[in-house]
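With chain D fixed as given, assemble chain U onto it according to the hints.
2 protein chains.
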Amino acid sequence: MPEKKPVNHIRLTSHPDSDSQATRLVWGEAEPLRRGPVVATLTETAHRNVIGTHAGSYAIYRALAVAAGSLPQDHRADLTNTSPAEQIGPFPSWKDPERIVSMDPWGAVAPQVFRAYVDQGVDIRPTIAITRAHMNMPELRDAITAGRLIPDGHHLTANGDVKVTKAAVEPVWHLPGIAKRFGLTESALRRGLFEHTGGMFPELITRPDLHVFLPPIGGLTIYFFGKMETISDPNVPLAVRVHDECNGSDVFGSDICTCRPYLAHGVEECVRTAQAGGAGVIVYSRKEGRALGEVTKFLVYNARKRQEGGDSAATYFHRTECVAGVQDMRFQELMPDALHWMGITRIHRFVSMSDMKYNAITRSGIEIVERVPIPDGLVPADAQVEMEAKKAAGYYTPGKVANTQELQQVKGRDLDA
Amino acid sequence: MPEKKPVNHIRLTSHPDSDSQATRLVWGEAEPLRRGPVVATLTETAHRNVIGTHAGSYAIYRALAVAAGSLPQDHRADLTNTSPAEQIGPFPSWKDPERIVSMDPWGAVAPQVFRAYVDQGVDIRPTIAITRAHMNMPELRDAITAGRLIPDGHHLTANGDVKVTKAAVEPVWHLPGIAKRFGLTESALRRGLFEHTGGMFPELITRPDLHVFLPPIGGLTIYFFGKMETISDPNVPLAVRVHDECNGSDVFGSDICTCRPYLAHGVEECVRTAQAGGAGVIVYSRKEGRALGEVTKFLVYNARKRQEGGDSAATYFHRTECVAGVQDMRFQELMPDALHWMGITRIHRFVSMSDMKYNAITRSGIEIVERVPIPDGLVPADAQVEMEAKKAAGYYTPGKVANTQELQQVKGRDLDA
Chain D
1 MPEKKPVNHI
11 RLTSHPDSDS
21 QATRLVWGEA
31 EPLRRGPVVA
41 TLTETAHRNV
51 IGTHAGSYAI
61 YRALAVAAGS
71 LPQDHRADLT
81 NTSPAEQIGP
91 FPSWKDPERI
101 VSMDPWGAVA
111 PQVFRAYVDQ
121 GVDIRPTIAI
131 TRAHMNMPEL
141 RDAITAGRLI
151 PDGHHLTANG
161 DVKVTKAAVE
171 PVWHLPGIAK
181 RFGLTESALR
191 RGLFEHTGGM
201 FPELITRPDL
211 HVFLPPIGGL
221 TIYFFGKMET
231 ISDPNVPLAV
241 RVHDECNGSD
251 VFGSDICTCR
261 PYLAHGVEEC
271 VRTAQAGGAG
281 VIVYSRKEGR
291 ALGEVTKFLV
301 YNARKRQEGG
311 DSAATYFHRT
321 ECVAGVQDMR
331 FQELMPDALH
341 WMGITRIHRF
351 VSMSDMKYNA
361 ITRSGIEIVE
371 RVPIPDGLVP
381 ADAQVEMEAK
391 KAAGYYTPGK
401 VANTQELQQV
411 KGRDLDA
Chain U
1 MPEKKPVNHI
11 RLTSHPDSDS
21 QATRLVWGEA
31 EPLRRGPVVA
41 TLTETAHRNV
51 IGTHAGSYAI
61 YRALAVAAGS
71 LPQDHRADLT
81 NTSPAEQIGP
91 FPSWKDPERI
101 VSMDPWGAVA
111 PQVFRAYVDQ
121 GVDIRPTIAI
131 TRAHMNMPEL
141 RDAITAGRLI
151 PDGHHLTANG
161 DVKVTKAAVE
171 PVWHLPGIAK
181 RFGLTESALR
191 RGLFEHTGGM
201 FPELITRPDL
211 HVFLPPIGGL
221 TIYFFGKMET
231 ISDPNVPLAV
241 RVHDECNGSD
251 VFGSDICTCR
261 PYLAHGVEEC
271 VRTAQAGGAG
281 VIVYSRKEGR
291 ALGEVTKFLV
301 YNARKRQEGG
311 DSAATYFHRT
321 ECVAGVQDMR
331 FQELMPDALH
341 WMGITRIHRF
351 VSMSDMKYNA
361 ITRSGIEIVE
371 RVPIPDGLVP
381 ADAQVEMEAK
391 KAAGYYTPGK
401 VANTQELQQV
411 KGRDLDA
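Residue numbers (UniProt numbering), protein chains in the order written: chain D, 1 to 417; chain U, 1 to 417.
There are no misleading hints in this set.
Given that identical chains are not distinguished, each listed pair holds provided it fits within a single copy or across any two copies.
Derived EDC-like pairs: lysine to aspartate or glutamate, alpha-carbon spacing no greater than 20 Å straight-line: (1) 400 <-> 370; (2) 163 <-> 416; (3) 180 <-> 333; (4) 411 <-> 376; (5) 227 <-> 416; (6) 163 <-> 382; (7) 163 <-> 414; (8) 95 <-> 29.
Just so you know, the hints here were simulated from the structure itself, not pulled from any lab data.
Predicted model, so just to flag it, every value in this text is computed and none were measured.
Next comes chain D alone, as it looks inside the complex:
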């Protein structure tokens, strides 16, 4: 055991220090060693150059593990054999400080690229991990039975197994870039994040010299189908679905929305595009209930199904606004970052009807050739309320959009039915 000096003084917040050994970090620098690593370790705090720490909201469990004595506070990860299963990038987008602001483009290869720092004792952890997997969704077996997918023994086997590469991504926010996306000054953003979380991380205020924040929120997972190397090639077909978590549907198949059916359809499109020599990408973001959380979501369900006249497409968005104050908190403005990280410049088949997602992606400079709506047969009966309300509000559809009177006729089930 290394000798430790007992420390009884608690620093409630740190302040910029002229003797700071904080590791240099220049967001958007093209050359990684000039950019510098994200250092969020708690084992050698002098090296830190960010606010917050690793693992998103799971940092709390880590703190509990240290407090409970089950994890030594100076544990450093042994990263033997953990390096990415596939190489992604670097792409030109990585050196634009405003193109990627909510994840670290060098996050997957940090321990390798910043080896010189590691050799000097800096504790560098990856914020992205890339592995391989075989997945099997019952819906793909159904697609095979229905003849929509044909097993090829490579991308898709007869029993529905699909080979994928997948990446888990922790949130890493460059605050100046996040502020710019929302048209705010950096200080207004920092103050808002501090005050409206009930005072989380005073360093948001006291450390204006630290511009990177690792927020305690869920990150995202990216699934890759087909050839990784063609994803950034605008001339090779690419199918993409950008999906926001909906546990009730994604896992349990709740029939009030189209989340899992549309996700499964996205996977089907990705497999088909991979089989045709292209590639597919699913981006899965932890933004339950439009990032309002599941408690708010269930409150809204009750309010929708109990309102006078019953659940109706005409009042679909209004009920969320009553409870939450807004219709949506997902901030799709940040979502294209993951696509730019992969070097995507053109999406041939975009498996989403969301105008918010479409606008965010195309405004960020990525071309979308075709939008793929969910097939009518995959929309559960009770989800017609959501579907018609969204189409009337601007979601893409090649079909008819209901008028106000028609929206009132689109009704969902009662709460007790």
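Positioned in the frame of chain D, the structure of chain U alone reads:
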């Protein structure tokens, strides 16, 4: 618009105040009005009696919405028609301050029970929401086809629809009780949580008068099958599965583990028990990758599949420990709280092989009559590594446990296969 005084001074941390208007909160008091409400609002900070705020990690998105100007900072939820779809409790466990320490037992009915406070202008939000849903999992249709489940038109329809009640639960931690579960002093716990998150919430240190913390982590979802009113009756059959999130399997069907197959089997057991006149409960906790997060999980997958000799049951736990420093951070010690909230005293069929879950539940005073292992046919080939390693480490099995030599023979797929 109410007139607002401009406030430019930022309080970095609050301190106990002799003039404090903080709302009284006495954890474990039997009478709700003596217990007092959890007040985590940011609209009238003088009323607050907790550290942190609502919505777990989604509080960050709410702060972003306020900072970006899309949500007024004084928005109060309009809770019309949002009250619970089913009544749960109160049960004797609610008035034991040490029995339930990680959620607020009064959280679902807070706006109703604490109406007197609401009438005086206190902004009280529920930390639990209870609604109804119809769910449809493809595996249940398979179970019908295989004759394992028989539709009855009520609990289970011919197309596999299942009627459920479900509850979303936000984390609400009573710090003295959490500390006691882990054998810590409250101040050691508070200091650990503050320091090992990189300095989140200085109030953990400066406000020893506030004992309740709403941590920015994911909560849990509870699915109820069958008669709600029998769940707390020890003489009526009850099936329970306590499931920890595994996005790769639960949503995408990754074959490296048994998570979704076992979850689907748990739902099947719940439906069967409901059909027999009893009830079923699934508790789904947001503890991805043993609460280590998905980045760590994928790093471990790479390390397992690339190690010398290949992925093996003999080294299954060791690889996680190398990367994370521990095998597991889920802290099952807190998990039984949800069961006590429902008034459960006896579980007839416990659909889990985990000794950690079994021990945590039985030590908390709940009887488990029978443990239900996952049927062999549901274990994917690549998941045999996990299954055999866990059985050898103490997981329940009515079958054979592999010895050291046999564990070395249980091999998983290579990373590139």
